[in-house]
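**Q** Below are the chains, spelled out letter by letter.
There are 6 protein chains.
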Amino acid sequence: MRSFNRGALDMRPVTLTPAITRHAEGSTQVEFGDTRVLVTCSVEERVPPHLMGKGSGWVTAEYGMLPRSTHTRTQREAAKGKQTGRTLEIQRLIGRSMRAAVDLPGLGVRTFTLDCDVLQADGGTRTASITGAYVALVLAMRKLHKAGVMPRMPKLTPIAAVSVGVVKGEVRVDLDYDEDSTADVDLNLVATGDGRIVEVQGTAEHQLFDRKTMDAMLDAGLAAIRQLTEAQQKVLGA
Amino acid sequence: MRSFNRGALDMRPVTLTPAITRHAEGSTQVEFGDTRVLVTCSVEERVPPHLMGKGSGWVTAEYGMLPRSTHTRTQREAAKGKQTGRTLEIQRLIGRSMRAAVDLPGLGVRTFTLDCDVLQADGGTRTASITGAYVALVLAMRKLHKAGVMPRMPKLTPIAAVSVGVVKGEVRVDLDYDEDSTADVDLNLVATGDGRIVEVQGTAEHQLFDRKTMDAMLDAGLAAIRQLTEAQQKVLGA
Amino acid sequence: MRSFNRGALDMRPVTLTPAITRHAEGSTQVEFGDTRVLVTCSVEERVPPHLMGKGSGWVTAEYGMLPRSTHTRTQREAAKGKQTGRTLEIQRLIGRSMRAAVDLPGLGVRTFTLDCDVLQADGGTRTASITGAYVALVLAMRKLHKAGVMPRMPKLTPIAAVSVGVVKGEVRVDLDYDEDSTADVDLNLVATGDGRIVEVQGTAEHQLFDRKTMDAMLDAGLAAIRQLTEAQQKVLGA
Amino acid sequence: MRSFNRGALDMRPVTLTPAITRHAEGSTQVEFGDTRVLVTCSVEERVPPHLMGKGSGWVTAEYGMLPRSTHTRTQREAAKGKQTGRTLEIQRLIGRSMRAAVDLPGLGVRTFTLDCDVLQADGGTRTASITGAYVALVLAMRKLHKAGVMPRMPKLTPIAAVSVGVVKGEVRVDLDYDEDSTADVDLNLVATGDGRIVEVQGTAEHQLFDRKTMDAMLDAGLAAIRQLTEAQQKVLGA
Amino acid sequence: MRSFNRGALDMRPVTLTPAITRHAEGSTQVEFGDTRVLVTCSVEERVPPHLMGKGSGWVTAEYGMLPRSTHTRTQREAAKGKQTGRTLEIQRLIGRSMRAAVDLPGLGVRTFTLDCDVLQADGGTRTASITGAYVALVLAMRKLHKAGVMPRMPKLTPIAAVSVGVVKGEVRVDLDYDEDSTADVDLNLVATGDGRIVEVQGTAEHQLFDRKTMDAMLDAGLAAIRQLTEAQQKVLGA
Amino acid sequence: MRSFNRGALDMRPVTLTPAITRHAEGSTQVEFGDTRVLVTCSVEERVPPHLMGKGSGWVTAEYGMLPRSTHTRTQREAAKGKQTGRTLEIQRLIGRSMRAAVDLPGLGVRTFTLDCDVLQADGGTRTASITGAYVALVLAMRKLHKAGVMPRMPKLTPIAAVSVGVVKGEVRVDLDYDEDSTADVDLNLVATGDGRIVEVQGTAEHQLFDRKTMDAMLDAGLAAIRQLTEAQQKVLGA
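Chains as they are written, first to last, in my numbering: chain H, 2 to 239; chain X, 2 to 239; chain Z, 2 to 239; chain U, 2 to 239; chain Y, 2 to 239; chain A, 2 to 239.
Excised from the complex, chain H in its bound form (with noise of 0.2 Å):
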């Protein structure tokens, strides 16, 4: 029996509360089944040396997780002095996920950083973070609208994540850390609700996996993130 009683198909109870902190241009927390992470999105107004006096702007995003989010403390990357190669490879995937979610040059010449930050860790951070950011990026360049600094909202893409796994030979969406640590195949998916690919990353973990497989967990991955698409719509009441 799955977590939450579920089906093989069916993800975690979803969560998406937004404006959870005060000074944030747009903030919100995700929660899929245990996991839960505190999404900030924070405006500048300049852009990154590589965009400057193009008129662009810039999405980007940092993926930390709290010492104790996780089943045994893990070290601070603050006070190892670095982060590691995982994290660094999350927020390089939250980060392009959300450019290809909105239209740069809409933007301006400003930053949109988005800070994920795990407060408690059961499987699936990274697709949280995903979905969750794009809920505090709207939320954000609202915010700037309404204020007039934006005069139009930029063109947006709705994006969601959710990890697909084999588990004991079967195909489930949204593994929790138990179904995670033991799946023989791990697919990670950034699509939007009508089945258009933002990003894949699949890994065999403990078994090579054939073309239907993948063609399998495609199906699944891209059922998930229909659903997780209009919850993000209802908490935008778009």
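Misleading hints may appear alongside valid ones.
Each pair may be met inside one copy or between any two copies, as identical chains are not told apart.
Unchecked claim - Okay, derived cross-link-like pairs now, EDC-like style, lysine to aspartate or glutamate, Cα gap no bigger than 20 Å in a straight line: (1) 147 to 216; (2) 83 to 187; (3) 55 to 180; (4) 169 to 216; (5) 147 to 11; (6) 55 to 206; (7) 147 to 35.
These aren't lab readings, by the way, just hints derived from the structure by calculation.
Chains X, Z, U, Y and A: place on chain H using the hints.
**A** Just chains X, Z, U, Y and A now, kept in the frame of chain H:
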């Protein structure tokens, strides 16, 4: 008029939410008004080198701020590759305070690590951290005691912390960010409910202060701490 | 017209030069057109901490680019004091892929480290690295086997890797730098010659992609990988 | 019996040797008994970013211990690649104290950096540093004033610092290393000769302390500081 | 018998392969027997801060060893996060030598960076690097000159480098790794073909040496360097 | 006219003050004119990994400059987070020189660390450091010998060091900062009093140099070193 419509010697509303996370042996979310800190207590069955073979336990602390817990975004320390002097100073203060609150030999050969992560900052993050850390530490001990891992609860000295300042010529307790930025004197006090002092750190920010002011600040701080230790006891049900 | 006058589904000329260096247990220089990577395999009689006492071996990888392997000079990572996120991501990918290619318990208590250093870059450095690393790994194992150090050759699953992209609306394999810079979609595929997948990482660079494109890219990639594993076997004389 | 055959409220012999080095704008060697600190004051015609365009000057400090200034050799911070929390905490304290001693706008657009390097440590290195730093700072200002670079001497508030502790139940000032290691309470005080406080940092090392002890420590500390500011004035010939 | 069947004052076979990489303005692969170094020369249209506004150019160098260029694998400096003292010392030596070989003002406002990466090490990597770097530097200058970017070729002083040592009581040039490990004295010499010295660095490894030995080593080294500069001129076709 | 009114081949006034600090096993303050270095020798009862189980001892060195030992303030290496190439090069030179001065197996299983900290710099800091380090090392050995910890004094080879240069066409020894900045050739020599060479490092700063100049520099340097070893023996009372 002060925030939350309070008098010079009043605390902001204080909330202590115990057991806020799933994995940590002890945890609490502490709020002093809009300041919000997530504190976890992790237990590991080992001690630092200087205690090896001595039969005593250890308590230590780490402190961090989420990048957008602040009014404008602060650079992530993990990305920068080092912790600031302010961070190190605060976590040393929290660690010393917690060690003063327990009988280290009574802990057995184990280390209790208090992670204080600021989710939202509005002044007083170090004093809120200490006040919350005491609760998380006791919860972790009780868990180990209940599980039979720690046969006896160690001797405890309940402590809490508050900031005191001189703002516009007036002694005030529990400064929020706006008051803190303009205070002439800033003092952080860690003490027991019955007025015994653990730490006192006072700084003349814009104006030197005399003994009379020092005395008034200590009086105000110790009174506030009495209330805070009562709030802790209420949560801990002792 | 593509570089080397080739069709959309053709590889650039592939060269695998075995035993290119003198000290390493195994080595190869791999070229995909103008991309040139020196791969060495070093063997050490120890395993990382998480494998101690388990009787299993380990395979890991490191990746680097010479500063002027690129069109304009890139800062030396050793001088900068840290590896970029891109570097860490690539070396994690190579390491996972190589571990999927061998039976770790069969290695004995030893670590095989694959160093992939890019001498000249023209797109596809990570896929060339993986394709060459498999050869260097096998050569190192054979050397140990011949020397009687490793009584039995471990079970092997030949793997190779190729990049696939959508350029000007066309699915193409083995992109060179110019194509890579302008591709709408970029996918790296690691697989066996008979079509079982080890890793798939696809990214929408300038345009989201649908399932049909995904399918076409996987088909093209798996076909190219079949050729690459044949080239590997020719060099390995198996 | 205390070192140097002194009473509980007596300082160790204090020596302030001005102009001890050749290159610095101001310098002094300060000795509190066997504690010996070389302080230099360097002047640069620029200010940190947060003061640019404001017409004000800045005073900052750095602190270090020579590796064998201590009883057993301490690892060189430059070799270790980072400064300890203790070092950062002390240099922040010295910097704040010095800024309280001068009128920053009167400095002109320049930065005074006080380097406090401990040649020999026997307790009280931070208080000796502050006491010496005031002398070096004034000497540097006078040099600039004489040279016509700084038309008017800035307004100065003479300050000094001393440690106070409770050792064997007795309040004592200016603890040496042996006393410091066994003190129940440890307090560092920075103040003016006429009893106005700049900084107070008190810590319960092995025993909490009450208001009465706090008062006694402040009385003892302020009395000692009065003597120290007199010693400073004697050297400065004011 | 020495490696390559040579006499005490003979070089190992020397190979200089020009234009070995595609992107660099100049490049060469230099081999002294089994020592193999890839040298590239990169040109950037900027100078370091201390030369800004002076109209002069700059030449600098960086040095690295591939992890398995050595007999047993050496840790990657990029992974370790810092360059060793040996690496820094060698790249400072190469840089100084190259600056002695050209007229800096004649370079125009640009920086030539020589990257010397050791692909295979068997003693003499720093002397091979310098000998090859001179070739790569000249090739880069010629390229800029031909392209009309640098109107006149700068004045050049051809230089090369060799190691000399005392092994088993005998003065020998161009030591390989085995000889280097057991040499009593080790001297590196950088000079012109006509015997003018650029750098000399001699070290008593296991035995102090007298003036007579010093003289014999200088004689032997200068003779070898004459041959090396001839080999350079042959490749450069000057 | 040279500083201190001296001839081309004269040293500046040399002072060696033994036992200058209280905690170190051996120490000396060495002055070459206005260059002033504090050298301590610390003994630890352990050896580096490569000597474990071999019964031999070790001698090593570290070097640092106080930030304002120089004409203008130099950034503190501890604050910058790394030691410069110059620092590492100098401390490697000092360490090698000291190891040439003693019989390592005679030291027992212990490490002697020489910390050379420059209090005031005016040229020749590395040669002053070596000259002083020999004294501090001998003093530390004698202390251990007297205390019965080291039953026999190890065999010693007295060494010292001096800089030699070509300034305005003239060979001069012991250059001060002004001479050093304008010298055409700069050579550092470490040797015994009777003319056996430990290290020689010569650099053409602005002009290549021939064999005749090299010979003149060696003659001048060795003569000066004879005087320095006599000064050492006088202080050591041997």
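**Q** Could you work out which earlier hints the structure fails to respect and list their numbers in ascending sequence?
**A** 1, 2, 3, 5, 7
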